[in-house]
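Asks: Going down the list, the protein sequences come from chains A and B. Counting in the working numbering, the first sequence runs from 41 upward without gaps. Counting in the working numbering, the second sequence runs from 2 upward without gaps.
Take the hints with a grain of salt, since some may be wrong.
Claimed, not checked - Here are some of the chain B residues that sit facing chain A, going by a computed Cβ distance under 7 Å:
{"#": "1", "residue": "A61"}
{"#": "2", "residue": "E63"}
{"#": "3", "residue": "V84"}
{"#": "4", "residue": "S85"}
{"#": "5", "residue": "E86"}
{"#": "6", "residue": "E87"}
{"#": "7", "residue": "Q101"}
No wet-lab data here; the hints were simulated from the structure. From the three backbone atoms N, C-alpha and C, an ideal C-beta is built for every residue, glycine too.
The lines below spell out each chain.
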Amino acid sequence: MAARTPRLDVPGWLFIPAGLGSLFIVLPLAAMVVRVDWAQFPALITSPSSMAALWLSLKTSTVATLLCLILGVPMAIVLARSQFRGQDVVRSMVLLPLVLPPVVAGIALLYTFGRRGLLGRTFEVIGVQVAFSTTAVIMAQTFVALPFLVVSLEGALRTFGQRYEQVAATLGAPPTTVLRRVTLPMVIPAVASGAVLSFARALGEFGATITFAGSLQGTTRTLPLEIYLQRETDPDAAIALSLLLVVVAALVIGLARRSATPA
Amino acid sequence: MFASADQANMDKAVADQLIAGQPSDFATNTMAIAVPPGNPAGITSFASLAKKGTDVVVCAPEVPCGAATVAIEKSSGVKLSPVSEEASVTDVLGKVTSGQADAGVVYVTDVKGAGEAVDEVSIPKRINAVNTYPIGVLTDSTNQDLAEQFEQYVRSPQGQQVLAGAGFGTP
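All chains should be built: construct the whole structure from the sequences, respecting the hints.
Replies: Now the structure itself:
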């Protein structure tokens, strides 16, 4: 028999748990689709309160994602590319919002930026009222979404290693040039996928928002909060809005995937 | 069995034929204004909630405590512009206990339950809304007798005393 390169197949049995896992995620979504009252669907998702919630969600999640990029990219680079004392502690603390229940995140924000919080007075003095404002929604979303960007980007930076950066430095490039011309172009896909994760997390944010920001149509009531409220009186509307949220999230992830994968 | 915090939800359950026989009223609850300890914003009445710059939090009109708040707005002629309309009364209370809001419109029982964490500014009977709590045995209950006994106990003087201790009124 002629020698040939062995085909690298995944073991067949792996498909069983993998399939079960996929079912576990897809089935509840399918169950929701089945329960949607399609005759009422257009009316339910285009009601003024639904549109206000959707628009607010998209707006705040976009701003939160931008904040995640502005703060998270430097955080990931510093964590991956420098050494300082207490780095491990800082890394663990930064990732904490990933494991915190969102309500806890909301309480923490409340006691930091709330009126009676650590910095609340300072904010009030400089004339910034965070309480019950759209700003509070964006802060809650950024708080819970930031670690997603940091963790994915830091992982990518470590995987790529520092060879190219070292070469560039040897050739006399100052640190900022290395960052701009070598490091960042290398991890653009990771930045993009991290941003998508952050956006998705911000879009789904509920617990921290309701605890910290409140709930008022057009100001703080994002789509998840609207779903929670509708569930009280109109389960059909809640299901329709849930599906809308899933579709928006899926669209964002799908579009970002497409633009992030090189053709 | 099903005990509801308002008539509307019990009506739904009865309409869907989930309740065996007729539900009966077992308690009433009225609304009150909860303010942070010391009442920093100086709230004196329901009307003073409408003062400009007062951060007042209420329940959304979709939920029972919000419907009751709307009823008080109607009977008093005071129009509130709340900074937040929460989906649950505990969220309203949370905004007050944390000092985030100047005042919140909640049930009398919530103010009582919160103890020292909030102060109460009462709403006079004349404009207050009364929520009646109905209770009923479910048709598909596997333990009808026991459920009926419990319903009777809740409505007995003993049961009413417990409820009164928590701030509820008698229907």
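Asks: Can we keep the B/E86 interface hint, with Cβ of chain A closer than 7 Å?
Replies: Given a least distance of 6 Å, the restraint on B/E86 holds.
Asks: Have a go at the B/A61 hint: is there a Cβ in chain A nearer than 7 Å to its own Cβ?
Replies: With a minimum Cβ separation of about 5 Å from chain A (threshold 7 Å), the hint on B/A61 holds.
Asks: Close enough to count: is the Cβ of B/Q101 nearer than 7 Å to one in chain A?
Replies: Holds, about 5 Å.
Asks: Against chain A, is B/E87 within 7 Å by beta-carbon distance?
Replies: holds, 5 Å
Asks: Are B/E63 and chain A close enough, Cβ to Cβ, to be under 7 Å, as the hint says?
Replies: holds, 5 Å
Asks: Would you check whether B/S85 satisfies its interface hint, that is, whether its CB is within less than 7 Å of any CB in chain A?
Replies: holds, 3 Å
Asks: With a cut-off of 7 Å, does the beta carbon of B/V84 approach a beta carbon of chain A closely enough for the hint to hold?
Replies: This interface hint holds because 4 Å falls under the 7 Å limit.
Hint compliance for this structure: no hint is broken.
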